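There are 2 protein chains.
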Amino acid sequence: MSSAATLEEPPRPVRFGIMGCASIARKLARAMLLVAPTADVAAVASRSGDKARLFAADNGLPAGTRLYGSYEALLDDPDIDAIYLPLPTSLHLKWATAAAARGKHLLLEKPAALCAADLDLILAACESSGVQFMDCTMWMHHPRTAKMRQLVAHQGTIGDVRVINSIVSFPSDEDFFQNNIRIKPDLDALGALGDLGWYCIRAMLWAVDYELPKNVIALRHPVKNQAGVLLACGASLYWDDGKVATFHCSYLTNLTMDMTVVGTNGTIHVTDLLIPYDEKYGPFSLDSKTDVNELATGWVPHPSKHVVTTDLPQEALMVQEFCRLVQNIREPGGKPEGKWPAISRKTQIVVDAVKTSIDNGCESVDVAS
Amino acid sequence: MSSAATLEEPPRPVRFGIMGCASIARKLARAMLLVAPTADVAAVASRSGDKARLFAADNGLPAGTRLYGSYEALLDDPDIDAIYLPLPTSLHLKWATAAAARGKHLLLEKPAALCAADLDLILAACESSGVQFMDCTMWMHHPRTAKMRQLVAHQGTIGDVRVINSIVSFPSDEDFFQNNIRIKPDLDALGALGDLGWYCIRAMLWAVDYELPKNVIALRHPVKNQAGVLLACGASLYWDDGKVATFHCSYLTNLTMDMTVVGTNGTIHVTDLLIPYDEKYGPFSLDSKTDVNELATGWVPHPSKHVVTTDLPQEALMVQEFCRLVQNIREPGGKPEGKWPAISRKTQIVVDAVKTSIDNGCESVDVAS
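Taken in sequence, the protein lines are chains S and F. Taken in order, the first sequence gives residues -2 to 366; the numbers are from our numbering. Taken in order, the second sequence gives residues -2 to 366; the numbers are from our numbering.
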């Protein structure tokens, strides 16, 4: 008896075009190479062909990578399935909608947009073209995040989440303050709030399974540069049922990437949320149903230290997940996964509310929905 | 050749009277026994002689410990040098001033008083009698705290402290909510703010070397019990130079004892600030001049984990330090150490401001000085 072997073809690679040679794009190019052949760095575009060439050479891209001296040329390439877009935030609306209109799936750097209204236009363009949207909040794709999600969802372990704190900062030098696009009013007008506060807000939403807060109040005395772009700020967030969260983000203090989640039954501490200390290990600490001993001279039990290992770094897992969703769409009846645009939109809505509170003298601002 | 040996007498013990048999007094009785003969548990007073007897038996106090069925009787004992006072906060003013008026040194449980005005009367009574005052914020006396002080004071390590967060909570059961004095309006009207917020506020003041904030704003939606006593609350604190701190304290969430200090050059994380996980070890983590690697796929350097060991638990070190100060006063020209009452007063002033903000609908409140 012979069996007719059906040789299943591997899924067709997702052919990426990298639109813009920002330094973060180097990390993503590496991530795409790590998940080849699922992902294929098919093309790179910059405002000049020389920059694209340099980027390809510096990042070990394959010889066949097509190099474009304009973003339009990249979008004209019919053999590009998806655009990775790390351009300054003020350019997201134009180029993200243009990419979606050409039927390109969209992997968009954070902050997704300057405001929720802009993001809605981008998301509408993606929906209209049936392309996948995902923002590049890389830590979401680390298996540590999935592990912590299980713990937070388990009533006996964490219970009801009541208090969240997140602090995200990185120190900046004179060159950053003079030249970095992330604090230029015409390029990244949200400054630290869009760049770093995005992570804090995502962390807080993540911890409550994306239930939007009812209102936010910015911390007083946000710090701005001379152009009025935020260098440091924070806020408190309030939910209907009494949950409260606070965050602070800053370009003015030492590298810090904290998320602390306190529930009725347990507490989670992470101190390298955005970028694990080492890309292969994701540590966090868990206290659950902790008490003090009889004379209150020690804890019972001590916190447990967890380390979630991963062979692929979180940004490669992100690319892999994005490719999986794109490949799903290719199947008969396949549709974009709506979870990622929904999470991006909620994050942007809260960023908007914090910005409005800052602009209104740190008054309470209701969160739109 | 013979030498005339001068046999230096050991300092005369500090003879403590324990005024009230609260459960925290058990921890302090043990601490006093641990630093014998410097400290001597000379007497215990309760509202009934039976309770005092039971306390002495349960805690292994020496057979000669004098047992009193009233606080007055304890104060009448001329052979008592110092009073340890763990009574409910509403009784602090009466009994602390009475003890000071009888010339007894005062080791006072926290919160020191219901308000700064009360504390000022207590401190004035101590000053007038020339007795030592110290509140029982035990973690101040752990060698870990001294080690972290060095790091915070070292400009190159932490730099300017800019952001502080502290979360302190412990979970409570039905018995606590029904019966515990810490949430009875006539006994401990400050509730979680006085009990746990005291630690948060002390931590934040400690981190900035006791510079008072300019103003505070309570977090919205503090939780109170039916009697109006705070079960959970928080605030943001603001300093003139832009430093900002946030805290949250609660009886409604899992055991949590966090202090995070973020400076321009470094970050300190402690997660067992009030009560070390194990009384012999004080862990904390330090990041200093941290950066990410070239592709931002890891940290350089990784945080350093520190553990400060101690043979004596922090509460015994506190008693030891208190005894040292009392013994100093016995020396010719000896005077009380003013540092401890000053720190207590600043803590109480900030507690007052947060309470006022809560009472005023979470408006901004200037911190008195």
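In short, the hints are calculated from the structure, not lab data. Worth double-checking, as some hints may not be accurate.
Since the list gives no way to pick out one identical chain from another, each pair is judged satisfied if it fits inside one copy or across any two copies.
[Claimed, not checked] Capping the alpha-carbon separation at 20 Å, the derived lysine to any residue pairs in SDA-like fashion look like this:
| # | residue 1 | residue 2 |
| --- | --- | --- |
| 1 | K286 | R321 |
| 2 | K277 | V205 |
| 3 | K221 | A365 |
| 4 | K277 | R63 |
| 5 | K181 | H151 |
| 6 | K302 | P280 |
| 7 | K302 | L283 |
| 8 | K286 | Y274 |
| 9 | K221 | T353 |
| 10 | K332 | P8 |
| 11 | K332 | P34 |
| 12 | K221 | S45 |
| 13 | K277 | N290 |
| 14 | K181 | Q223 |
| 15 | K343 | G100 |
| 16 | K302 | Y278 |
| 17 | K211 | L148 |
| 18 | K181 | P329 |
| 19 | K48 | S125 |
It should be emphasised that the depicted structure is a prediction, and the values quoted were computed from it without experimental measurement.
**Message:** At most 20 Å between CA atoms: does that hold for K221 and A365 within a copy, between copies, both, or neither?
**Reply:** neither (25 Å within a copy, 29 Å between copies)
**Prompt:** Within a copy, between copies, both or neither: where do K221 and T353 come within 20 Å Cα-Cα?
**Reply:** Result: close within a single copy only, 15 Å intra versus 30 Å inter.
**Asked** Which holds for K302 with L283 at a C-alpha limit of 20 Å: within a copy, between copies, both or neither?
**Response** both (6 Å within a copy, 17 Å between copies)
**Request:** Measure nothing new, just compare the shortest in-copy and cross-copy C-alpha distances for K181 and P329 to 20 Å and report within, between, both or neither.
**Result:** Answer is neither: 45 Å inside a copy and 66 Å across each miss the 20 Å cutoff.
**Asked** Can you tell me if K343 and G100 fall within 20 Å by alpha carbon in one copy, between copies, both or neither?
**Response** Answer is neither: 24 Å inside a copy and 63 Å across each miss the 20 Å cutoff.
**Request:** Have a look at K181 and H151 and pick one of within, between, both or neither, based on CA distance no larger than 20 Å.
**Result:** neither (43 Å within a copy, 33 Å between copies)
**Homo-oligomer pair classification [S45, K221; C-alpha up to 20 Å]** = Intra 32 Å, inter 62 Å, cutoff 20 Å: neither.
**Copy assignment of K211 with L148, given that the CA separation must stay at most 20 Å** = neither (25 Å within a copy, 40 Å between copies)
**Identical-chain pair category, K286 with Y274, by Cα at 20 Å** = between (28 Å within a copy, 14 Å between copies)
**Message:** My question is about K48 and S125: at a cut-off of 20 Å on alpha-carbon distance, are they close within one copy, between copies, both, or neither?
**Reply:** Neither. Shortest intra-copy (33 Å) and inter-copy (77 Å) distances fail the 20 Å Cα cut-off.
**Message:** At most 20 Å between CA atoms: does that hold for K286 and R321 within a copy, between copies, both, or neither?
**Reply:** neither (38 Å within a copy, 39 Å between copies)
**Prompt:** What label fits K302 with P280 when the C-alpha limit is 20 Å: within, between, both, or neither?
**Reply:** both (7 Å within a copy, 14 Å between copies)
In this structure, the hints that do not hold are numbers 1, 2, 3, 4, 5, 11, 12, 15, 17, 18, 19, in rising order.
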